[in-house]
Structure formats: structure tokens, C-alpha cells
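My request is simple: use the sequences and hints to build the entire structure.
Residue numbers (our numbering), protein chains in the order written: chain A, 12 to 125; chain B, 75 to 188.
If you're looking for bench data, these hints aren't it; they were derived computationally from the structure. Note that the structure is a prediction, hence the values are computed from the model and not measured. Take every hint as true, because none was put in to throw you off.
Here are the simulated lysine to any residue pairs, SDA-like style, with alpha carbons at most 25 Å apart:
hint, chain 1, residue 1, chain 2, residue 2
1, A, 76, A, 55
2, A, 76, B, 117
3, A, 68, B, 100
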Amino acid sequence: EAQVTQNPRYLITVTGKKLTVTCSQNMNHEYMSWYRQDPGLGLRQIYYSMNVEVTDKGDVPEGYKVSRKEKRNFPLILESPSPNQTSLYFCASSLNGGSQETQYFGPGTRLLVL
Amino acid sequence: AQSVTQPDIHITVSEGASLELRCNYSYGATPYLFWYVQSPGQGLQLLLKYFSGDTLVQGIKGFEAEFKRSQSSFNLRKPSVHWSDAAEYFCAVGGRTGRRALTFGSGTRLQVQP
Numbered sequence: 012e013a014q015v016t017q018n019p020r021y022l023i024t025v026t027g028k029k030l031t032v033t034c035s036q037n038m039n040h041e042y043m044s045w046y047r048q049d050p051g052l053g054l055r056q057i058y059y060s061m062n063v064e065v066t067d068k069g070d071v072p073e074g075y076k077v078s079r080k081e082k083r084n085f086p087l088i089l090e091s092p093s094p095n096q097t098s099l100y101f102c103a104s105s106l107n108g109g110s111q112e113t114q115y116f117g118p119g120t121r122l123l124v125l
Numbered sequence: 075a076q077s078v079t080q081p082d083i084h085i086t087v088s089e090g091a092s093l094e095l096r097c098n099y100s101y102g103a104t105p106y107l108f109w110y111v112q113s114p115g116q117g118l119q120l121l122l123k124y125f126s127g128d129t130l131v132q133g134i135k136g137f138e139a140e141f142k143r144s145q146s147s148f149n150l151r152k153p154s155v156h157w158s159d160a161a162e163y164f165c166a167v168g169g170r171t172g173r174r175a176l177t178f179g180s181g182t183r184l185q186v187q188p
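Given below as C-alpha cells:
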């Protein structure tokens, strides 16, 4: 089954404790991205990757890092989480990153930073 | 820069009633337009999309949307709502040039009364 998986689904952490949210897709997609969803703001893109070792900032990249060492994986790293990063995070992928393409989303990771 | 407005934060309809969710966009030309649905605890799923041609597009689950260039709108409709349609709905815009990321609206939460 074609899918995007994220782990963990739920995470509670404390300020300053580094964490990583994993994302994996099995569709051989070139393009992957991370979004955060906040009430009243919709989804905002954090980072995206056009291919292995090619990443770039989205609209709200501050406080986040990403890496793309393998085509299928695109982890999101919070080096020093802060309470304002409490949010619902989605990983998404598409074939080549064209804006006309369907985005396939993971189930989301709900993060609470105390 | 492209933007999307969903003026209704929350809508409640009775099961079997018709539904229209509003979406207005701002973009210099005709953009790519999408509607995604997010069921509780799930990621986003594509309902339908518009690129060009016929301005009335059909999607999954009995949904349709109409692109109206003169009104910069892309409203989502369904003639008869089912209880399983309760979810959050996001309109999104993709630019035909430049930045490839989608711009999402803030979402409309649909509640269905029995």
C-alpha cells in the first residue's frame, strides 16, 4: 500500500530536549516536505526537499532542521524545542514537486512542548 | 504572493442537506486549485483539483467544486451530506511558476447533525 508514515504519532517533551520526528514514503517520490498545522492558520510549510541531499526552507523554518540522506526518509529535527513549537506536524510527498501534483500526507504527529 | 481565504471557520449542516464550503484565492493568474479533507486523527486526503478546462470538477466521495475566475473562487459543494463527511476541509492554491509549495487556507470544520 502506497503511504507516508510518521513516528511518533504523539510526543510530549520539555523545552530544550532534542527530538526527531521520522517520515518515510514508499512511493519513490522525489519531493518531500514538512508542514505544521495550527488553529486558524492552516498548514504552513517548514522545509522541503526536491531530492536526496537537496533541501530548502519553507515559510516557517526557524527552530527546525531536516536531512535527506535517503530518498524515502525525511526526518524533522528540533534541536532545542520551545513551547511555540507545540503543534500538529505533517509530512507529505509528491512525485517531482510540481505544484500541480497531488500531495500525499502522513497521519500527523502531535507535539506538546512543556 | 498567493493566498487563500476560507471565510467559514465552522459549519454545521443536517445529514442529507446540501453543502457549500467557500474558498477565495489571490493569485496573479489562474492557479492550480485543490480541496483536501482531513478526517479526525488522519492526514489530509485530496478530494479534487482544478488545472484548466471545464470549470466544474468532480471529486471523490460525491464532492464537486466550481472555479469562477471572475470571483476568484473555488467553492466546494455536495448535494447531500453524510455523517461520515464530518471533517476539516482545506482549500489550497499552487502557483504555476516560481515557488512550488501549496498555500493552504485556514480550514473549515464541518459538523453533521443527525
